[in-house]
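**Student:** Use these hints to put chain B onto chain A, whose structure you have.
Protein chains in written order, with the numbering used here: chain A, 1 to 111; chain B, 1 to 115.
Calculated directly from the structure, the hints in this document are not laboratory data.
Predicted, not measured: the structure shown is a model, and the values here were computed from it.
Be aware that a few hints might be false.
[As the list claims (entries may be wrong)] Cut-off 30 Å, straight-line C-alpha distance, at most; resulting in silico cross-link-like pairs (DSSO-like, lysine-lysine):
{"#": "1", "chain 1": "A", "residue 1": "Lys-41", "chain 2": "B", "residue 2": "Lys-14"}
{"#": "2", "chain 1": "A", "residue 1": "Lys-3", "chain 2": "B", "residue 2": "Lys-64"}
{"#": "3", "chain 1": "A", "residue 1": "Lys-103", "chain 2": "B", "residue 2": "Lys-20"}
{"#": "4", "chain 1": "B", "residue 1": "Lys-66", "chain 2": "A", "residue 2": "Lys-41"}
{"#": "5", "chain 1": "B", "residue 1": "Lys-20", "chain 2": "A", "residue 2": "Lys-40"}
{"#": "6", "chain 1": "B", "residue 1": "Lys-55", "chain 2": "A", "residue 2": "Lys-68"}
{"#": "7", "chain 1": "B", "residue 1": "Lys-41", "chain 2": "A", "residue 2": "Lys-40"}
{"#": "8", "chain 1": "B", "residue 1": "Lys-55", "chain 2": "A", "residue 2": "Lys-3"}
{"#": "9", "chain 1": "A", "residue 1": "Lys-40", "chain 2": "B", "residue 2": "Lys-14"}
{"#": "10", "chain 1": "B", "residue 1": "Lys-14", "chain 2": "A", "residue 2": "Lys-67"}
{"#": "11", "chain 1": "B", "residue 1": "Lys-41", "chain 2": "A", "residue 2": "Lys-3"}
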Amino acid sequence: EDKVVQSPLSLVVHEGDTVTLNCSYEVTNFRSLLWYKQEKKAPTFLFMLTSSGIEKKSGRLSSILDKKELFSILNITATQTGDSAVYLCAVEEVGNTPLVFGKGTRLSVIA
Amino acid sequence: GAVVSQHPSWVICKSGTSVKIECRSLDFQATTMFWYRQFPKQSLMLMATSNEGSKATYEQGVEKDKFLINHASLTLSTLTVTSAHPEDSSFYICSASSGRAYEQYFGPGTRLTVT
Chain A
1 EDKVVQSPLS LVVHEGDTVT LNCSYEVTNF RSLLWYKQEK KAPTFLFMLT
51 SSGIEKKSGR LSSILDKKEL FSILNITATQ TGDSAVYLCA VEEVGNTPLV
101 FGKGTRLSVI A
Chain B
1 GAVVSQHPSW VICKSGTSVK IECRSLDFQA TTMFWYRQFP KQSLMLMATS
51 NEGSKATYEQ GVEKDKFLIN HASLTLSTLT VTSAHPEDSS FYICSASSGR
101 AYEQYFGPGT RLTVT
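Chain A with its partners taken away, still in its complex shape (with noise of 0.2 Å):
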């Protein structure tokens, strides 16, 4: 049963439209969120979210978290080709273990 679920798996959209990747979880002792956009090679840090509530934001790309709800968005506004990639949610426990990835979600932005 997987731990971090990611939603959509892929998504198409064209240059300019703004997208909404979802990733909820379910773990005993949560202590962070991460997200992470990978393109060709390793995948390379995004955001990392521990409170409810309080949007992270970078550029055309932000992110907030639900502790309540257990979920997290990933916003990604004004699109461009070079946002195609997979963007990856992973959840880190509480005590010295590893990353908990979810399947990841494949974004194409075609112009």
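**Tutor:** Chain B alone, transformed into the frame defined by chain A:
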């Protein structure tokens, strides 16, 4: 951010041979290194966690005798795929951490193709 390198970037080998992949943390001491495998269009799958100087902890379903992990120093971990078969063809990524799990830095990955 911290830098993690992997070598080689891409390797093609014949079925039955063994392949060693190196993961190095270049500018920090990594007490913990993680090895992941990623099949096409799928997410990262954790294979094992290794702490410097101790035996690796393998995830369920990962054969420890097939995927040998050594973490002999704070800057180097190696993954050896023994007697590789075509189904072992995958993208292998390591990450290194000096503290909490979220503070892990990913290497660029190694693409293994077994013919």
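**Student:** Given the hint that B/Lys-41 pairs with A/Lys-40, test it: the Cα-Cα distance must not exceed 30 Å.
**Tutor:** 11 Å, holds
**Student:** Do the alpha carbons of B/Lys-55 and A/Lys-68 lie within 30 Å of each other, as the hint requires?
**Tutor:** 38 Å, violated
**Student:** Please verify whether A/Lys-103 and B/Lys-20 have alpha carbons no more than 30 Å apart.
**Tutor:** Roughly 27 Å separates the two Cα atoms, so the pair holds.
**Student:** Are the Cα positions of A/Lys-40 and B/Lys-14 separated by 30 Å at most?
**Tutor:** 25 Å, holds
**Student:** Checking one constraint from the list: CA of B/Lys-55 to CA of A/Lys-3, max 30 Å. Satisfied?
**Tutor:** 26 Å, holds
**Student:** Quickly compare the C-alpha distance for A/Lys-3 and B/Lys-64 to 30 Å and report which way the hint goes.
**Tutor:** It holds: about 24 Å lies between the C-alpha atoms, which stays within 30 Å.
**Student:** Keeping to a limit of 30 Å between CA atoms, is the pair of B/Lys-20 and A/Lys-40 held or broken?
**Tutor:** This hinted pair holds, its Cα atoms lying about 22 Å apart.
**Student:** For the pair supplied as a hint, B/Lys-66 and A/Lys-41, is the alpha-carbon distance within the 30 Å limit?
**Tutor:** Judged against 30 Å, a Cα distance of about 24 Å means the pair holds.
**Student:** Can you confirm whether the C-alpha distance between A/Lys-41 and B/Lys-14 stays at or below 30 Å?
**Tutor:** 24 Å, holds
**Student:** Are B/Lys-41 and A/Lys-3 close enough, with their CA atoms no more than 30 Å apart?
**Tutor:** The hint holds at about 19 Å.
**Student:** Regarding the pair B/Lys-14 and A/Lys-67, is the alpha-carbon distance no greater than 30 Å?
**Tutor:** 49 Å, violated
The structure shown violates the earlier hints numbered 6 and 10.
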